[in-house]
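Please take these sequences and the hints and turn them into a complete structure.
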Amino acid sequence: MPSFEPIVGRYISMVVAGDTMRIYVEEAGSGIPLVCLHTAGSDSRQFRHLMTDPSITDHYRVLAFDMPWHGKSNPPIGWREIEYKLTTGLYKETVVAFCQVMELNQPVIMGCSMGGRIVLHLALEYPDDYRAVIALEGADRLEPYYDTEWLHRPDVNGGEVAAGFVSGQIAPQSPSEYRWETLWAYMQGGPGVFKGDLYFYWVDGHFDDRSVQIDTTRCPVYLLSGEYDSSCTPERTRDTAERIKGSKAVVMKRMGHFPMSENPALFREHILPVLKEIGVNN
Amino acid sequence: MIEKLADYVNNNHALVRQGRFINYSILVGVGETDFIIRIDGGRVTGVRHRQLNIDSGRFAIRAPTEIWEEFWRPMPKRGHHDLFSMMAAGLAQIDGDLLPFMQNLQYFKDLLGALRPASIGN
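If you're matching them up, the sequences are chains A and B in order.
Counting in this note's numbering, the first sequence runs from 3 upward without gaps.
Counting in this note's numbering, the second sequence runs from 10 upward without gaps.
Hint data in this document are derived by calculation from the structure and do not stem from the laboratory.
One should not assume that every hint holds.
Using 20 Å as the maximum straight-line C-alpha spacing, the simulated EDC-like pairs for lysine to aspartate or glutamate come out as follows [stated by the list, open to error]:
1) B:LYS118 <-> A:ASP149
2) B:LYS118 <-> A:GLU162
3) A:LYS255 <-> A:GLU271
4) A:LYS255 <-> B:ASP104
5) A:LYS94 <-> A:GLU127
6) B:LYS86 <-> A:GLU229
7) A:LYS74 <-> A:ASP21
8) B:LYS13 <-> B:ASP49
9) B:LYS118 <-> A:GLU179
10) B:LYS86 <-> A:GLU237
11) A:LYS250 <-> A:GLU229
12) A:LYS87 <-> A:ASP149
13) B:LYS118 <-> A:GLU183
14) A:LYS247 <-> A:GLU237
15) B:LYS118 <-> B:ASP104
Spelled out as structure tokens, the structure:
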């Protein structure tokens, strides 16, 4: 028998904002559903290490899907006529549609970067629908530090500049193998997709004025951020945690913006206790 | 330290290949001292102090000396480990024509990072 990894990839259709989207989803394990949301401009491959870790998959059904326009999920029909721009509303609707079409009961939602921002919006709006949310490199307030126009123009290679932009978001201590695997996914994004994601991440997703309303007794909130993250810095993570009463925040030393893909062994040390706590409490 | 840049870059064949379309000078400011770095086909062919006020490059990257020293340490502390991170933290700045910089972004990050012992990302 070939020795396959335990990850299984399939396609499913779901309706988002009136469009039928063909979505690629990978999963492994059984138990509590754990939905994983990838970073801006990348795809679900970032979570492959979680899906091959029996310490996780023995207790959790880990699911990661490519957002529309990303990875092996198609953009909507007629995409050439559209400038892709992810909004808070569209992102929430996409995650909700995925959980519904997969018939998931009280999943844990874990997202990274833009995924780490949307889980906070979800915790605020639908606190009883999720067992807990985990924001990796997610904050309720961020400040842009580069001009996203550079990400989509004919005289700059979009894939290479996207990877160049985020390469410094990986901690210097992270293994070279995983650094470059993480960046490879960035080099493969569709034109303008990373830029469109950053509209949510840097412009539309702010809600530090409302994050104080999140009720962590109904939906526990965990915040885990890397020491070397230049956008969701340790300071911004702590500020977010202060506003979300009852949330738990950890700054991961020697880690950057892509914990699950840039340093899977180190990330495991931080995420296992969180998943164990969520499992025990639920 | 930056005077030795050619030794570190030109023996890195992958880096030279990455920059093979680059044929111009850039300016790097280390504290109060400006250096003109000439690049031909990805190879560093000259590093010299700026002699005249009209000497320049396509773009200029400047940071205080102690910031560059931290950037060039084997394991820099956060905010000092990458050109963009330095800019995000307000520790460095770039001026001039950003198009060639963006067209070769990873090359320029790695070019300046090449002075770091066992440079990150190799």
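Hints broken by the structure, by number, lowest first? 4
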